[in-house]
Structure formats: C-alpha cells, structure tokens
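So the protein lines, in turn, are chains A and B.
In terms of my numbering, the first sequence opens at residue 2 and continues consecutively.
In terms of my numbering, the second sequence opens at residue 10 and continues consecutively.
These are computed hints drawn from the structure, not numbers from a lab.
Note that beta-carbon positions come from the ideal geometry of N, C-alpha and C, so glycine has one too.
Treat the hints with care, as some may be off.
[Stated by the list, open to error] Restraint ranges, calculated between C-beta atoms of paired labels, are given here:
| id | chain 1 | residue 1 | chain 2 | residue 2 | range |
| --- | --- | --- | --- | --- | --- |
| 1 | B | 67 | A | 502 | 55 to 65 Å |
| 2 | A | 190 | B | 57 | 14 to 24 Å |
| 3 | A | 501 | B | 95 | 41 to 51 Å |
| 4 | B | 34 | A | 181 | 19 to 29 Å |
| 5 | B | 171 | A | 190 | 54 to 64 Å |
| 6 | B | 48 | A | 372 | 27 to 37 Å |
| 7 | B | 34 | A | 13 | 39 to 49 Å |
| 8 | A | 495 | B | 171 | 50 to 60 Å |
| 9 | A | 88 | B | 78 | 30 to 40 Å |
| 10 | B | 85 | A | 501 | 22 to 32 Å |
| 11 | B | 95 | A | 176 | 34 to 44 Å |
[Said to hold, decoys possible] Partial list, derived from the structure: chain B residues whose beta carbon lies under 10 Å from chain A:
| id | residue |
| --- | --- |
| 12 | 138 |
| 13 | 147 |
| 14 | 152 |
| 15 | 156 |
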Amino acid sequence: MNESSSGSLYAAREPIFPKRVSGTFRRLKWWILGITLAIYYITPWIRWDRGPSLPDQAVLVDLAHRRFYFFWIQIWPHEFYFVAGLLIMAGIGLFIFTSALGRVWCGYACPQTVWTDLFILVERWIEGDRNARVRLWNAPWSARKARLRLTKWLVWLMIAVATGGAWIFYFADAPTLLRDFLTFQAPVVAYSTVAVLTVTTFIFGGFMREQICIYMCPWPRIQAAMMDPDTLTVAYRDWRGEPRGKGMRRRAVAAETYAGGETGGRRSPVIPVPGLAQAAAAPVPARETPGDCIDCNACVNVCPMGIDIRDGQQMACITCALCIDACDEVMVKIGKPRGLIDYLALSDEPRERAGEPPRPIRQHVFRFRTLLYTAIWAVFGLGLLWALFVRPEIDVTVSPIRNPQFVTLSDGAVRNAYDIRLRNKHGDERPFRIVLPEGSGLALTLEGASGNEVIVPADMTALHRVYVTAPAGSAPASADASPVSFRITEPVSGESVEVGSVFNGKGSE
Amino acid sequence: MDDKETRDPVTGVDTTGHEWDGIKELNNPMPRWWLWTLYGTIVWGIGYAIAYPAWPLVQGATSGLLGYSTRGEVAAEIAAVDARNAEVSATLAAADLATLPVDDPAYQFGVSGGAAVFRANCSQCHGAGAAGGVGYPNLLDDSWLWGGTLDDIEYTVRHGIRNEIDADARFSQMPAFGEMLSKPEIAEIAEHVLALSGQEHDAAKAEAGATLFADNCASCHGEAGTGDREQGAPDLTDAIWLYSGTREAVTETITNARFGVMPAWGPRLSDAEIKAVTLYVHQLGGGE
Ligand code: SF4
Ligand code: SF4
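Chain B with its partners taken away, still in its complex shape (with noise of 0.2 Å):
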C-alpha cells in the first residue's frame, strides 16, 4: 500500500491510496455530520450504560442510576392493574353471587378473573379444560358431588374437601369393604352397581347384591343409589363415574373405597378470588 493520492481516471474521483491486486478506493467523502451522528451514539451509548442496568457482573448486573428494572416495570404494571381492578375487585369480594347479575361488570370481571386463578390453582388436578380425570371431579359435567350451586361451590372452594387444614372442610368417608364383607359378596354389590346404572350385568348377582346393597350402603348412596350430596356420596345410577364405572374399577372402590382430598383455598386466595374462580367454574356448563 502507498500513501500518495491519486485520481481515478474513469470517475475523476481521487482514490485514498488503498490499493488490493488492482483494486483501488475511491474517496468519495462521507458528510460530516454522518460522523458525527456515530459521535452522538457512542456518547448517547455511555449514558444509557450509565442510567440503566447494563453491565454483566458475577450477582447481576450493574442497577444503573435510573434505578429501573423490567422486573420493576411488571411489578409496577400489576399493581397498576390491580388499582384499577380494586372497585370491582372490592364490589366482587362483598357480593352475593348467587343474586348477582349476569351483566354485572363483577359478574363479567370474576368470570375473566375466575379463569385466570383457575389456571393458576386448579388445571393441576381439574386440568386446564377443567375436564377432571380419574379421580378428580369433571367440573364442565350436571353431577356434583357436593352440590353445584354458586354457595355448595364457594364452599368447596373455600374450605376444601377431607383435608387437615380447614376444620369445616367437606368431610366424608366410605368404609373400605373389604374388611368387612367377602369377595363373592363384594362381587355381588358390584354386579348391582353396574345394573344400577344401566350396563352390561350378570342379573343373578345383581339382585342377590341388592340385599347387600340396601345393607351397607344405601345408608349413604340411598336406597335407590342416587346419593347424598350431604355427603359427598355419588349418585350411582348416572354416567358419570369419578374413578371410572368399570367392573374392576367398582369391585376396588369397594373393596378398598376411596379417599380425594381437595385444598382449602380459603388460606390461599382471597375472597374476590374464591368468588371469581366460583363464578368462572359455575358458568362451565354445569352450574345449577
């Protein structure tokens, strides 16, 4: 490379004395003030590193003397929320759902806001399309264990079901069968329960289960198997089976009988929450 200047013959442009195998730079200059724009970027580049978190260390980063933070900025955003959501947050919590209108803005914010700490608390075991599974209530289905109006599902909600936490928890318990009657015998109920509710069934067993039934468990079930919601006891002749109404599935419910503990939420959420999230799960498609 040499330093001299020189023109280009073609374009009468002087050339900045680079040169590679024949190839020359033209020095066509760049407008001051180009220059200086890329001065004003590394200055405004320093202030910015300045006032806001930048540089990496071994616990985070540097704060920055604006002191601001994305973190700080969500934070900042929901209670932002949050205060405009406290009227009708506030009217919520005090409300009496089962009076409170349809097109009440209350009604309208639990059922948005109802969703949303469903999503949060109970997809776990009622999954997200709060269907249930084995074991845990489908709560979009007309049967309800414990009762579907908006009051039975605050309740539940509030104090749960055969946990320790809650005193006033729902509480029941089916005796485990097998300890106290035979298998045959076991088998026999089982037969019924299946003729209860309408399926396939050896009819010979079912009614000799019958007997049984009406000794063991229709103190609970009722006489006709259609349940207590007093006590949480199913309805038996339905199409809606908790924890499935196979053969096998009866004969083990039976047998070793069963035991779902639901949380209390009372500790948990707050009563514009537990009112929300009734609202939402009434409004499933099974609220009575």
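This is chain A alone, in the form it adopts within the complex (with noise of 0.2 Å):
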C-alpha cells in the first residue's frame, strides 16, 4: 500500500530502524567514518612552528588577520585564488566520482552520512538492533523507554556539542580558545557557532536523517546529471532474482539468518530512467524456476533510507551499498553467487540478460567522460601547484599614481609618484631598499623618509609612496610615456624583483 492512498498531499515521516549489517561496504564504512571524523577533530590541535610572531597551529582560518595557515603554507587575501582553485578541484573532483562511482559521495563521505551513521550506532547500541527499536518504538512511555530514550538523546548531544565545538577550533588558536571557551570568555560568536551546529548535528543527524538527503540536500538533483549509463551504481539484477521465491525452504534459511525480519520496504518513487526502473515494474515472465531473490528483505531492513532497492534505483537511494552486504551474505547463506544486489552499470543489462558476463569494471570507470573530468582536474592541480611554489617571498606591486600624471616642480622637474606595496611574509621584521637603475637619469625619494629603505613588520604588508623625479628638459620629463622600473631587494634573504612600471611627462599633456 502507498501511504498516498489517503489522498493527503503530505505525510508524516515514517521511522526508520536500519538493521545490523557486516560485509565488505559496511567495514569501509567504518573505516571512512573513523578517518573522516579523526581528521575533522584532530586537524586544529595540531601544532606547526612558523616562528615567534605567526600562530602556530597548522591549519587556522584566521579571519581577523585574513590569513589562511595550511601547515607550509601561507595564504593572503590577495592570494583567494588558491581557494578557489581547491574549491573548483573539489567540484570537479566530485564530477570525476560521480560519473565513475553515482554517488559515492553521499553513501560514503557525506557528512550527513557520516554523523547519521554514527547516530545510529548509538541508536542500536543503546536501543537495540532493528527488532528490538520497533518495539521500543511502539511500545506505550514506561521508564524504561524514558531512560533509553534519555540515554541515546544525551550521548547524541554530546557528540553534537563535540561536533559544533571542533568546528571554531578551526578559526581560532584551539587551547587558548579551549580554555576562554570553557571559562565562559570566549567570543559571542563562538557560542553561537557551537549553538548551532550543536542544533543541527543533534537534528540532523538524530531525527532527519534520510529526510535530508530527500527533500533537503540539491546534491542528489546535481549528481543525476552527472550519471550516465556506464555509472556504477548500486541496483538489484531482477532478471536473476525474479520471480521472488516463497518456498518453505528458503523461508527457513532466511528465517535463520535474520530471524523476524519485517516485510514491506517504503516505496519510494522510481525515477523513469530507461532500462532499469522500467524493466523493474514491466511484468514479469513467468519462470519454470524462481528467482533467486528468496523476499526475505534483508535488503530493505538494513536499508538507511527505508527504500526497496528492487524497486529499481531511486532518487532516494544514496548508494551506501548496505543491501549489497545484507543480500551476499543471504546469497552466501543459500549457496548462490554474491551479487543480487551489486554495483552494476546499466549499459551492462542487456548482455546480462542475455546471459553474457557484464564488462570489467575498468571499462566502466575509465571512459572518455571520466578521463576528460581528470584532465580538467589535473589542469587545476597543477596549475595551483605552480603558483604555490613560483610565487616569490617578497611580494611587491608598483600603482603609478595616476591623479594627477606627474607633477612640475618649480624648477620645471617632472615628478611622478609611485605607491609601492611591500609585503612581508617572514615572522620577523625585514628591511626593503627600493632603488632606480644605474644611469637611469632620475632620482628616487621615499614620502616620510630619507635613504632609501624601509623597515616592513613582519607577517605585514606596507604601503610607501616613492617619488621619482627627472630633471627639466631630460627625456622622461618631455617625453609622453617611458618605462621605469625599480629594483626592490630584501637584503636579509637577499631576495631582489625587478618591478616595471611607466613614468609619464610632460608629453601626456
């Protein structure tokens, strides 16, 4: 029955209880689940030396000073475009996958995923595996449904307070901020930051769940345009498993190995992409053997999503390839091949129905699309790691400034003046001697100094103007336009750039 059969336009939620399952994806799982949250929650607390004056925690967002600190590797505002470059690596990144593998990224590495994962582990650790959380559920409140549900909900809340509280670690130095955190002088934003994100992580990840991934997340939406019939994805071989066997026997097998499973998956909509959903509802032909589908439901009940994946891929599947676990070890069970439920391309359906073996994988994966999508990546890879590892350490830019041109001295000189940005990035204070050519024929002084050098603090950038003046009548002051160019040199790492720019005169006018 569909629960739309009431007419109603709207529904209410129905809970889900995801049972139990081992196998090969499931302890990938949870070895990505523990790499992923190591990583999120260590990441701030580890320390990087950068010298007495720049913070040295490895990685820091720090937004008052607009610096981005990656272990080596320091960011500057005007250097944005080292983030976005990984932000469009990501994008692409996630193209690359989802072409190859659907949707590997919400099965897999979705934070989503992730924490709901670890809500249910929980859930099942506290409440009870599948069986036992339907009865809980609809059993009357008594106390100890009250003291398990107050025990989940605790543990749940800890890990989300955990979860919002490592995120502002991030953007702060960690202990100092541990500390003022915890002694109620941390910043009001930090507490609104763990607020929130201790909100969302308990709701999300305890109560919403699949309703994210559905109604909520445009992932899903995205990621289908990106799939095309050589995508590996998980789905059902209906025409190896139907029709579904009822025999007492393989009743009994699967009554052992999963001992009151329920019957009846919540449909979900079938998307109508050719071949597959539509082989799934066409009838199907009577055989003189069934199937090897015994209906025990293993797949539905381990089911994170509460879906039918016999159904046929649907929009709520998330590929965590759960069922693929929970039918081999049925098929294993009843002495049949694994792979009822496996990661298939829909290109391969036609040969399988035919009887013939579905292409190599590599095939699958490596095609044009995929490897285009890498090239790309690539492209952007390399191209960041270029400028990570070009970009000089004395940073400088020469602005002529151009309000007015130039300027006539009393003596009928030229001057024209120059801001010139020095940019500091070593932890300590660096002089910069800004110098013209040798014979250039024009003469250089520095706006509230004398010499010809300046002090930058570290970690800083400064501004200096620089006057560069040509004598009445030489050929910079009569000319339009002549190119000027100055040397710029550190002498503590005796770095030196040769920074061009254009010096205008009198012929401008």
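Build the complex: two chains, separate frames, hints provided.
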C-alpha cells in the first residue's frame, strides 16, 4: 500500500530502523567514518612552528588578520584564488567520482551520512538492533523507554556539542580558545556557532536523517545529471532475482539468518530512467524456477533510507551499498553466488539479460568522460602547485598614481608618484631597499623617509609612496610615457625583484 | 479533471486525480514537516513585519516595534567609530604638528582622516588628487604662495584666503595695472616676466619691461621676481603658474589682477579635522 492512498499531499515521516549488517562495504564505511571524523576532530590541534610572531597552529583560518595557514602554506587575501582553485578542484573531483561511481559521495563521505551512521550506531548500542527498536517505538511510554530515550539523546547531544565545538577551533588558536570557551571568556560568535552546529547536528543526525537527503539536499539533483549508463551504481539484478522465491525451505533459511525480518519496505518514487527502472516495473515473465531473491527483505531492513532497491534505482538511494552486504550474506547462506544486489552499470543490463558476463569495471570507470574530468582536474591542480611554488617570497606591487599623472616642480623638473606595496611574509621584520637602475637619470625619494630603505613589520603589508623625478628638459620629463623599473631588494634573505612601471612626462598632456 | 484517485501503473504511485492532456500528476506526498516549515516562515514573516519597518505608507514606512532603521544603524556605527577614535582625535587636536613624530598613532590617524576631510571639503577646488587647476593651487608641488610648513598650512586652512568671514584670513590684493599703465607698457612687463621664468620672449621688450617691473612690481614680487610669501606674491621665476604662464595669461593677470579666495575652515571643521587635513596636505609631496 502506498501512503498517498489517503489522498493527502503531505505525509508524516515514517520512522526507519536500519538493521545491523556486516560485510565488505560496511567495513569500508566504518573505516571512512573513523578516518574522516578523526581528521575533523584532530586537525585543529596539530601544531606547526612558524616563528615567534605567527600562529603555531597547522591549519588555521585567521579571519581577523585575513590569513589562512595550512601547514607550510600561508595564504593571504590577495591569493584567494588558491581557495577558489581548491573549490573548483573539489567540484570537478565530485564530477569524476559521480560519473564513475554514482553517488559515492553520498554513500560514504558526506557528513550527513557519516554523522547519521554514527548516530545510528549509538542508537543501536543503546536501544538494540532493529526488532528491539521497532518494539520500543511501538511500546507505550514507560520508565525503561524514557531511560533509553534520554540516554540516547544525551549521547547524541554530546556528539553534537563535540561536532560544533571542533568547528570553531579551525578559526582561532585551539588551546587558548578551549580555555576561554570553558571559562566563558570566548567571543559570543564562538558560542553561537557551537550552538547552531550542535542543534543542527542533533536534529539532522538524530531525527531528520534521510529527510535531509530526499527533501533538502541539492546534491542528488545535481548528481543525477552527471550519471550516465556506464556509471556504476547500486542496483538489483532483477533478471536474476525474479520471480522472488516464496518456498518454505528458502523461508526457513532466511528466517535463520534474519529472524523476524519485517516485510514491505517503504516505496520511494522510482526515477523513470530508461532501462532498469522500467524493467523493474514491467511484468516479469513467468519462469519455471524461482529467481535467486528469497524475499527475505534483508536489503530493505538494513537500508538507512528505508527503501527497497528491488524497485529499481531511485532518487532516495544514496548508494551506501549496505543492501549489497545484506544480500551477499543471504546469498552465501543459500549457496548462491553473491551480487544479486551489486554495483552495476545500466549499459551492462542487456548483456547480462542475454547471459553474458558484465564488462570489466575498469571499462566503466576509465572512459572518455571520466578521463576528461580527470584531465581538467589535473590542469587546475598543476596550475595551483605551479602558482604555489613560483610565487616569490617577497611580494611587491607598484601602482603609479594617476591623479595627477605628473607634477611640475618649481625648477621645471617632472615628478611622478608611485604607491609601492611591500609584503613581508616572514615571521620577523625585514628591511626593503628600493632603488632605480644606475644611469636612468631619474632620482628617487621616499615620502616620510630619508634614504631608500624601509622596514616592513613581520607578516605585514606596508604601503609607501615614492617619488621619481626627472630633471627639467630630460627625455623622460618631456616624453609622453617612458618605462621605469624599480629594483626592490630584501637584504636579509638576499631576494630581489625588479618591477616595471611607467613614467609620465609633459608629453602626456 | 476528475477527482477520483487512480494508481499510476508504471510507478505504482497514486495520482492526484488531476490530468492535463493525458499527463497525470503523481502524488508523492511531501513530508509534513515541510508544510510546518512553510507555516513557520509565514509566522516569522508576520512577526518580522511587526517588529521591523515594513509597510510602505505615504510618508515613509511603518517603523516597527523594535524601532530599527538602517539610518539609525549607520548613525550608531559612526558614533561607535567616533567613540573609538575619541582619544587619538583629542591627542591630534592638542598636538603641535611640527613636533609630532611620523610614527605617532595620531600622525597616522591624521593623515588617513585628513584624506577623508580633504575629499569631502577641499577636492571641489583642489581636485581629488590635490593637483589643483587654473586658479586653484596644486598642493603636490614644491611651490607655496603662503608657505608650506605645517604651521603655514594649518593657518591657511583655518583662516582661508581673501575671504570676508575671517578677519585673520590671509590677504593681499594685486593692483589691476590696466588702469595705470598703457597696453605697450603691460606688454613689456609681460615679456620681462616671461624672461624671468626662462621662457621664450622678446629680449628688447623685456629689457624695457625690467624698469617698469622694478617700479611697479618689485615691491611685492621682489627685485628678482622671486615673490614674497608674506603677501602671497608668487615667485615668477619658477616653472609653476597658478593662472598659467603663457603670454596671454600673464598679460591678463597684469591688466586685471587676480583675486583667488579660499574659505576659512575654522568655523566649519573641528580642530582635529583641521590638523588632520594639514598633515594630509603636508605629506602629499610638497610639504616643507
Ligand atoms: S543527498 Fe546530500 S546530504 Fe544526503 S548523503 Fe548525499 S550529499 Fe549528503
Ligand atoms: S537501497 Fe541499498 S544502497 Fe541504496 S540507500 Fe538503501 S541500502 Fe543504501
């Protein structure tokens, strides 16, 4: 029965009680969960020595001083293209993975999936596996139910606080912030960030779960556009499974494995893709022998989205592959080959129906589309690496002041002004020497300084106005525009750059 | 349209019973919390419209229970900035500019603040880049009519030049020689002035003009034509001309004289603002 038969356009969320499962993909997911969570929680606490006047936190987004520190890399606001580049790479990386492996991001790495997995783990640990949880759900309120619920919510809340709490450490010195946070001296924004992230984590991981993916997240829609018939995705081999076996013996085996399995998963809308979905819905030809599916509902019971993969590929499926593990376990028990539910490409369906083996995985994964994405991704990656390693340690820009283009002095000499921006990325103050090349006939003076050396404090940008004067009647003074170049040297490191600009003379009037 | 619900055979999903040109609308129910979210936003919207300015009326809009306005927010922000700057601003107002060190926070504050004061009050005549124009002095060069030290500049800003508001305004008046001398005489003086500044000139006329210059002009512009800052008399030997140094312009100046006026800023700007704009102008490249 479909819940819409009531005719209502709105329906309450149906609770889902995913059953425990073990297998290859579950193990992989536990590993990914552990590693990603560890990265998230530990990263802000890694120290990295950058000298006395710079922060010693390996990964730090210092919004107040507009710096981003990532281990040995330090990014200034004017280098924000690094961040843009990384975001583009992340986007194209998602293209690669989605076109090759469908919604792997959703199934394995998305924070929504990872935290929901963690929350379900807690839930199972406190309230028991699927059947116990269903019973508890249906049971009237009692002291035991209240105790279990409160314990569960408390643990969830602790995880949620830790999640929100870890986030803020990326934006300030972690140990200091932790101390301030605990002694109520941290800035208000720290508390409000933690509060918001705590509430969202608690609600999204504990109560919203699959609703986030089905109704709120834009990714499924975007991902659908990146998939094609060669994309490997979780699907049911209905040509092998149908008609579903109802035999007593099979039931008995299944009952041994999955005692008390429920029947009837929630149907979610089937995406009308050509091929698989229609095949699933089309009438199945009667066969002499029943198919491999014993209708034990193991795949339905483990599904965190509460759907039945045997209805075909569908919008709600995040390709977490847990149904593969569940089904494989059953297939082993009944002595059939694994893979009734498996990573499949739609394009293989006709071959498989004809009894031929599917094409090898690498032919699906390495095809023009994915290789093209990889190439684009690599171009960005190499570009960023190149930019990272060739960018000079002393960073200088010279901007001629154009209002006015030049000034005539009382002796008839012509003077141009330039704003020179000197960026010192070192952890200590550095002198910078600004000179014009020998024999240019031009004179250089610095506003507010005698000599031609200026000191730039550690990790700072200094703006200095310099004047270049051409004597009356000299070529640059009477020409329209002539080239001029500044040599800027940082004597401590011996680094030196030459920056060209333009000198405007009276001819430009 | 018929209201009877039917099941779609392909998807097994109920339809809403609506059908247009053979296309049926499936009913995959939305979650109920979605609906509640919608109601929630409506309630929020109503509350927002009550709490904040919302409904346009003839004379503006409803002001909202919280009394919030963007204007008020800007005013509060400006007040906060002023409060933050009060101390350094007071230091600047009381400072002796001539001895204020360049790395003093009050100096830095003055230069940046002075730039803003300049843009708002001075750029109309002197230009956004302070390069002036015909009749409006260029503040970037090294020539000053009334002096280019910090004290001189501050005095000029505070009292202005040749205005009627401030009795202490800098004042001088060049006579209009068109009423006293003949045209040929004026032409001879003009040639002499061109010669003084090393421009192309008629040597014979300039020679004759030298005597006329000594008689009529030297009292203010000096024997050698190097000017006199006490009277704001320009140096005629340099390459800088307030009203252009062409033969025509010089002749016009001698004939009809010039009378450039600058307002007194003392009554309009605060002490700190005057000192700030003084520091700003002084560090533009010509300060003495
Ligand atoms: S649908 Fe969205 S929220 Fe859900 S797993 Fe995918 S990316 Fe994450
Ligand atoms: S159908 Fe299978 S792969 Fe898809 S969400 Fe459910 S368990 Fe995961």
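Practice task
Compare the structure with the hints numbered earlier in the document and write down the numbers of the violated ones, lowest to highest.
Solution key: Numbers 4, 6, 7, 10 and 15 - these are the hints that the structure violates, sorted from lowest upward.
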